[in-house]
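**Student:** Let's have the full structure, built from the sequences with the hints guiding it.
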Amino acid sequence: MLKCAIIDDDPLFTKILEQYLSEVDNIEVVGTYDNPSTALNKINFHEIDFLYLDVEMPGMTGLEFLNSLSVVPPIVIVSGEKAYGADAFEYNAIDYLHKPISHARFLKSAGKVKAYFEKVKVADITGQQNIFIKHDGMHIRLAVDDIFTVRANDNDVTIATNGKSYKTHLRLKDIYDMLPQNDFMQVHRSFIVQLSKIDKVDGEVIEINSRTIPVSRTYINELYERLKIK
Amino acid sequence: MDILGLKEYLHCDDAFLKSINQKIVEEVKKIKKNIEKAATEENWQTVKLNAHKMLSSVKIFEMNELVSLLEKIEINANSKNNIPGLKKDIENLYIQVEKVIPEMQLASEKLQ
Numbered sequence: 001m002l003k004c005a006i007i008d009d010d011p012l013f014t015k016i017l018e019q020y021l022s023e024v025d026n027i028e029v030v031g032t033y034d035n036p037s038t039a040l041n042k043i044n045f046h047e048i049d050f051l052y053l054d055v056e057m058p059g060m061t062g063l064e065f066l067n068s069l070s071v072v073p074p075i076v077i078v079s080g081e082k083a084y085g086a087d088a089f090e091y092n093a094i095d096y097l098h099k100p101i102s103h104a105r106f107l108k109s110a111g112k113v114k115a116y117f118e119k120v121k122v123a124d125i126t127g128q129q130n131i132f133i134k135h136d137g138m139h140i141r142l143a144v145d146d147i148f149t150v151r152a153n154d155n156d157v158t159i160a161t162n163g164k165s166y167k168t169h170l171r172l173k174d175i176y177d178m179l180p181q182n183d184f185m186q187v188h189r190s191f192i193v194q195l196s197k198i199d200k201v202d203g204e205v206i207e208i209n210s211r212t213i214p215v216s217r218t219y220i221n222e223l224y225e226r227l228k229i230k
Numbered sequence: 001m002d003i004l005g006l007k008e009y010l011h012c013d014d015a016f017l018k019s020i021n022q023k024i025v026e027e028v029k030k031i032k033k034n035i036e037k038a039a040t041e042e043n044w045q046t047v048k049l050n051a052h053k054m055l056s057s058v059k060i061f062e063m064n065e066l067v068s069l070l071e072k073i074e075i076n077a078n079s080k081n082n083i084p085g086l087k088k089d090i091e092n093l094y095i096q097v098e099k100v101i102p103e104m105q106l107a108s109e110k111l112q
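Protein chains in written order, with the numbering used here: chain X, 1 to 230; chain H, 1 to 112.
The hints are simulated quantities; they were obtained by calculation from the structure and are not laboratory data.
Mixed in with the good hints there might be a few duds.
Calculated cross-link-like contacts (lysine-lysine; reagent style DSSO-like; alpha-carbon spacing at most 27 Å) [stated by the list, open to error]: (1) X:Lys3 to H:Lys23; (2) H:Lys32 to X:Lys15; (3) X:Lys82 to H:Lys30; (4) H:Lys110 to X:Lys164; (5) H:Lys32 to X:Lys82; (6) H:Lys23 to X:Lys15; (7) H:Lys110 to X:Lys15; (8) H:Lys72 to H:Lys37; (9) X:Lys108 to H:Lys23; (10) H:Lys7 to X:Lys112; (11) H:Lys80 to X:Lys114; (12) H:Lys110 to X:Lys82; (13) X:Lys15 to H:Lys18; (14) X:Lys99 to H:Lys80; (15) H:Lys7 to X:Lys108; (16) H:Lys59 to X:Lys167; (17) H:Lys7 to X:Lys82; (18) H:Lys29 to X:Lys167; (19) X:Lys82 to H:Lys29; (20) X:Lys15 to H:Lys80; (21) X:Lys134 to H:Lys23; (22) H:Lys110 to X:Lys108; (23) X:Lys15 to H:Lys30.
**Tutor:** Structure follows, in structure tokens:
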């Protein structure tokens, strides 16, 4: 069952959307919010799979709401304005719904939502996972398999892949939560590494892609165990 | 106002259509009050936001005259370029709203 929340200051649209969703299998509305500030405080983002999000709302717009999140969940953008299509694209929205929304158009959109999550499920099974990080003001897709290390700096985090590194304002813990726990391990308070990328282990230092990374004593036994080093 | 067209558009039964109709009436009345207050205070940003909000409610009923008027108010309240014209449009909005509300209520009564 996919769980969603609706953030829209228009009670009429919320009522219609809830009615539409009540007729769709496998999608459940777990919360409705008439402003982004309340949603920000009340939504448990671990409990929802995606959001229906209006753009023009008083106080804080839907786009400002997205910018305030460290991890942007999958979204369906809804708006009375056609002008936000490009924003929907930038935020990798699953769909963009222009109000008012007919039942027929909604059903198409619900189909897109389901297809999106089916694709994510297949990617999970085949191990081809991706994460989105905010880098230079844009949301960038990174293949999890390409990540070598994640390093916490004073004010940001650097994600290193084979050829590139990306700075993002997420916390180390946020990134760790997004990564598959079987493949990644925190080895130091400032470092997360992908275990399969480790080239060498020398006491309390590991080497990945010619870079040395310290391993804290707290993590050393677990590291050796996970790498099956006797 | 084509209530049967709306029923098909929303793919719903009469009970839901009636509740939607009532909701729109409530919203339009509430937003009209908000616009009146904001216009008195010359708070054009609030006028703009409320006009935008009313638009999404009335668009569903294809009230084209009201839609055009609200779009004009939204644009002018945002630009603040023609305040006398804007005030006149807001006065016209009150008249339009008073006209459409009884029509909507009548349509609602006709439903089961």
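**Student:** Are Lys3 (chain X) and Lys23 (chain H) close enough, with their CA atoms no more than 27 Å apart?
**Tutor:** holds (26 Å)
**Student:** Quick one, are Lys7 (chain H) and Lys82 (chain X) close enough, alpha carbons at most 27 Å?
**Tutor:** holds (24 Å)
**Student:** Is it true that the CA of Lys80 (chain H) sits at most 27 Å from the CA of Lys114 (chain X)?
**Tutor:** violated (44 Å)
**Student:** Check the hint pairing Lys110 (chain H) with Lys164 (chain X) against an upper bound of 27 Å on the C-alpha distance.
**Tutor:** Not satisfied, since the Cα-Cα distance of roughly 66 Å exceeds 27 Å.
**Student:** For Lys23 (chain H) and Lys15 (chain X), compute the direct alpha-carbon distance and say whether it is at most 27 Å.
**Tutor:** The hint holds at about 9 Å.
**Student:** Is the Cα-Cα distance between Lys82 (chain X) and Lys29 (chain H) 27 Å or less?
**Tutor:** holds (26 Å)
**Student:** Could you grab the alpha-carbon distance between Lys29 (chain H) and Lys167 (chain X) and see if it respects the 27 Å cut-off?
**Tutor:** Measuring from Cα to Cα gives roughly 50 Å; hence the hint is violated.
**Student:** Assess, step by step, whether the Cα of Lys82 (chain X) is no farther than 27 Å from the Cα of Lys30 (chain H), and give holds or violated.
**Tutor:** Between Lys82 (chain X) and Lys30 (chain H) the Cα gap is close to 25 Å, so the pair holds against 27 Å.
**Student:** Are Lys15 (chain X) and Lys30 (chain H) close enough, with their CA atoms no more than 27 Å apart?
**Tutor:** With a Cα-Cα distance of about 17 Å, the restraint between Lys15 (chain X) and Lys30 (chain H) holds, given a limit of 27 Å.
**Student:** Does the alpha-carbon distance linking Lys134 (chain X) and Lys23 (chain H) stay inside the 27 Å limit?
**Tutor:** violated (39 Å)
**Student:** Within 27 Å, alpha carbon to alpha carbon, are Lys7 (chain H) and Lys112 (chain X)?
**Tutor:** holds (24 Å)
**Student:** Given the hinted pair Lys110 (chain H) and Lys108 (chain X), is their Cα-Cα distance within 27 Å?
**Tutor:** Since the Cα atoms of Lys110 (chain H) and Lys108 (chain X) sit roughly 31 Å apart, the hinted pair is violated (cutoff 27 Å).
Of the numbered hints listed earlier, those contradicted by the structure are 4, 11, 12, 16, 18, 20, 21, 22.
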